[in-house]
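Chemist: Read off the chains here:
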Amino acid sequence: MSDSTPDQGIRSPEGDANVIDTDYEIGQHNIETRVGPFNLDIHNPVFLVSGLTIVAFVFLTLAFQNEVGPVFDALRKWLTSNLDWFFILSGNVFVVVCFVLIVSPYGKVRIGGKDAEPDYNYFGWFAMLFAAGMGIGLMFFGVLEPVYHMAFSEPVGVPSPFDADGNLIAENVAAAKAMGMAATIFHWGLHPWAIYAVVALALALFSFNKGLPLTMRSVFYPIFGDRTWGWPGHIIDILAVFATLFGLATSLGFGAQQANAGLEFVFGIPVSNTAQVVLIIAITAVALISVLRGLDGGVKVLSEINMVIAALLLVFVIAAGPTATLISGFFSNLSAYAQEVIPLSMPFGREDDGFRQGWTSFYWAWWISWSPFVGMFIARVSRGRTVREFVICVLIIPTLVSVLWMTAFGGTAIEQVLSDTGSQVREHVIVNYSPELSLFGMLADLPMASITSFIAIVLVIVFFVTSSDSGSLVIDTITAGGKVDAPVSQRVFWCTFEGLVAIALLLGGGLGALQAMAVSTGFPFTIVLLLACYAIFKGLKDEPR
Amino acid sequence: MFNKILIPIDLTHADKLEKAVSAGAYLAKNNNLPVVFAAVTSTVPGSVAHTPDEFKAKLDAFAAAQATKHGITAAAHAIIVNDPAIDLEDGLLKAVDETGSDLVVMATHIPNLADQLWPSNGGRVASHAEVSVFLVR
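Protein sequence lines, in the order shown, are assigned to chains A and B. Count the first sequence with the working numbering and you get residues 13 to 557, in order. Count the second sequence with the working numbering and you get residues 60 to 196, in order.
Bound-form chain A, shown alone (with noise of 0.2 Å):
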C-alpha cells in the first residue's frame, strides 16, 4: 500500500493557478547523450544552431575583421539612429505598462500560484537582480555619465556650463548639473528597469504560473501557439542566446581592459595582452567556481558579497566627498529626474541628436539586448511575489539605488569638475577623454585613493563574474529546452566558452564589432519585448487574483 508522510518537503499548497494545458513535454525536443565521459541534457536545435553560430561569428570576425567590423558598427549606429524614435517610444511603452500594472488589480496575483512563498528574502532577491542586471555598468558610468551630460551632450537643449576655451559660464552652471544628473538617472533609472521588468515578468508568469518551460519562447504561447514550439520559438531562443553571449563575452572583454586601464593607473601594472587574458581567465575562474556552487551556494552569495562591498564604497564616497551636497542632491536629482522623464522621452521635435541617437537610443538598445538574459535570471528567482510587488521592486527600487549611486559618484565628480581646474576627472573626461579612468580619477582625488581604488578594480571584476555565472545559468537553462536539472557540465560549457570567446576576440580584436552585433539583436527583441506586454495582459486575465 502507499502512503504519505506528514511533511513532504513541499511548502504549503502552491493555491491556484491557470496552468496551460499543452501537449508540449518540458525536453521533449531534448537530444540526451554521451560525450566521452560527460552526459549531456541539449535542446535540438537550440544548443547546435546557437553554439555553432557563436564560432562561426567568431572565426568570421577574426578572418575579416577589417570588413566585418565597418559592418557590424554601421548596422548597430543605422539602427539606433534611424529608429531612435522607436527604441524610445517603445522604451516609453514598457514603462507605462509596469506602472498599470502597479495600479490594476492584476496587481494582486501572485507568480507560483496564490499561495506560493517567496523563495528568497529581499536582500538576497535584490542582490542576485541588480549584480546581474547593472552592477558594472554603474562602476563604469557612474562617475563618466553626469560629468560628460552635463558638459558636452546639451540634452533637450540645455547649455553647456563651459565655453569653447573650457572655462566656466557661472548661469549656466546650476542648469547643466541638474540635467547632467537627470539625464544620466533617466538612463539608469525607471526604463532600464522596465525593460527588464516585463521580460522577467512574462517569463515568471508563463513558466511558475502557467507550467510552460523557463525559457524566452514561452512567452509567446498566447501569439504562436504550439508553433511555440517549433521553429519561430528556436529562432527566439536561438537570438536570445546569442545577445546573451555575445554580450557577455564582449563585455568581459572590454572590462578586462578597462580593469588593467585601472590597474596601471593605481599600480603601474602595465597595460598588456598577457595581464587582460589573466584577467579574463580570473573572472572566468570564480564564475566557474560560482555555477558549481549553484545558484544559492554561489551566485547568490556572490552577488551578496557584491552588495556590501559596493554599499561600503558608496558610504566611502558618501562621506569622503562633499556630504551636505550630496545629502540634499539626493533629493534634488530626483526632482529634477522627476521633471525632465517627459521632456527626455520625447521621440521627435529634439535637436539633441546626439545624446538622443548616441546615448539614449543605444542604451534603449542595449539594455533590451541583456533583457533576455536578466529577464529570465530575475524571473527564476522571482516565484513568490505578487506582481504589484515584483514591479515595484524591480522598478522603483533599483531606480532609487541608481539615483543614489549617480548622486553620490556623479554629484562627487561634478564638484570635483566645477571647483578644481586640475581635477583627475576634467583631466578623463574632459580633457583627454579616456572613460575607463573616469571613476578611479574621482577617488584619486579623495583620501586613501588607492585602498578605494583598489576596492573599486576588485568590485569591477566580482561584478563580472556575477554577470557572467548567472548569464552562463540562463545560456545553460535556454539551450537545455528550458531545463533547470542539464548536467553540469553544459553550465562548465558555456562558463569556459564564454571566456574563450573573450579572449580570441580580445587577441584576435573584433571585440566592438561584435559588441555592436549583440546590441543590434535589441531591435528584434523590441518587437518581441512589446508583443511580450501584450502577453502579459493576456496571461494575467485568467490567473487568480
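Some hints could be false.
[As the list claims (entries may be wrong)] Once the Cα atoms are required to be at most 16 Å apart in a straight line, the calculated EDC-like pairs of lysine to aspartate or glutamate come out as: (1) A:LYS126 <-> B:GLU189; (2) B:LYS117 <-> A:GLU37; (3) B:LYS153 <-> B:GLU189; (4) B:LYS63 <-> B:ASP149.
[Said to hold, decoys possible] Some chain A residues close to chain B (C-beta under 10 Å, calculated; not the full set): (5) LEU226; (6) GLU276; (7) VAL278; (8) GLY309; (9) VAL504.
Derived by calculation from the structure, the hints in this document are not laboratory data. None of the values given here were measured: they were computed from a predicted structure. No residue lacks a Cβ here, since even glycine has one placed at the ideal position from N, Cα and C.
Here the structure of chain A is known, so what remains is to put chain B in place on it, guided by the hints.
Modeler: Just chain B now, kept in the frame of chain A:
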C-alpha cells in the same frame, strides 16, 4: 538492523533505476521495513511536472505502483530546491533527516573520468550521509 529505507528516485529516468529499486524493495520485504521514495525537483516547470503539486502527485503514484509491485509499504517524499543540478545531494540528505530513514539504497553509475572532476550524486551522498548508504551499480 534498520528502521526505514530511503530510495532516491529520478522520475525522468525511473526505468534506469530498476536494479536499485529492486534491491531496496528486496531488503524492505525481507526485513519488513517501510520504504520512502525520495525525489528532488525545483519550482521551475520540468520534464516530469509543471508544478510542485503535479510532481508530488506523480511521485505518490510511483510509490504506490512500487508498493503494489513489490508488496511493500512505501511512501513518497518530494524535496524542492532552487538549483536541482547542484543541490540534489543536499536535498536528499535533508530527506534522510526529515523522514528518519537510516538506510539509503541508491543507483549510481560506473565511475569514469568525469567523477574525478565532480563526484557522482551517489558518491557525494555516501560521503556526507550519517546513515548507511548502499550504492547499486
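Chemist: Hint by hint, note whether the structure agrees.
Modeler: These are the hints, each one checked on the structure:
The straight-line distance between the Cα atoms of LYS126 (chain A) and GLU189 (chain B) is roughly 38 Å, outside the 16 Å bound, and the hint therefore fails. Between LYS117 (chain B) and GLU37 (chain A) the CA atoms are separated by roughly 15 Å; this keeps the pair inside 16 Å, and the hint holds. Of the supplied pair hints, the one linking LYS153 (chain B) and GLU189 (chain B) holds, its CA atoms being roughly 11 Å apart against a limit of 16 Å. Between LYS63 (chain B) and ASP149 (chain B) the alpha-carbon distance is near 19 Å, which puts this suggested pair outside the 16 Å criterion.
A cut of 10 Å between beta carbons decides the hint on LEU226 (chain A): the least distance to chain B is about 5 Å, and the hint holds. A hinted interface residue such as GLU276 (chain A) counts as satisfied when its beta carbon comes closer than 10 Å to some beta carbon of chain B; here the least separation is about 36 Å, so the hint is violated. Hint status for VAL278 (chain A): violated, given a least beta-carbon distance of 36 Å to chain B, over 10 Å. A least Cβ separation of about 7 Å between GLY309 (chain A) and chain B falls short of the 10 Å threshold, and the interface hint therefore holds.
Restraint check, VAL504 (chain A) versus chain B: the minimum CB separation of about 8 Å is within 10 Å; hint holds.
Violated hints, in rising order: 1, 4, 6 and 7; the structure is consistent with all others.
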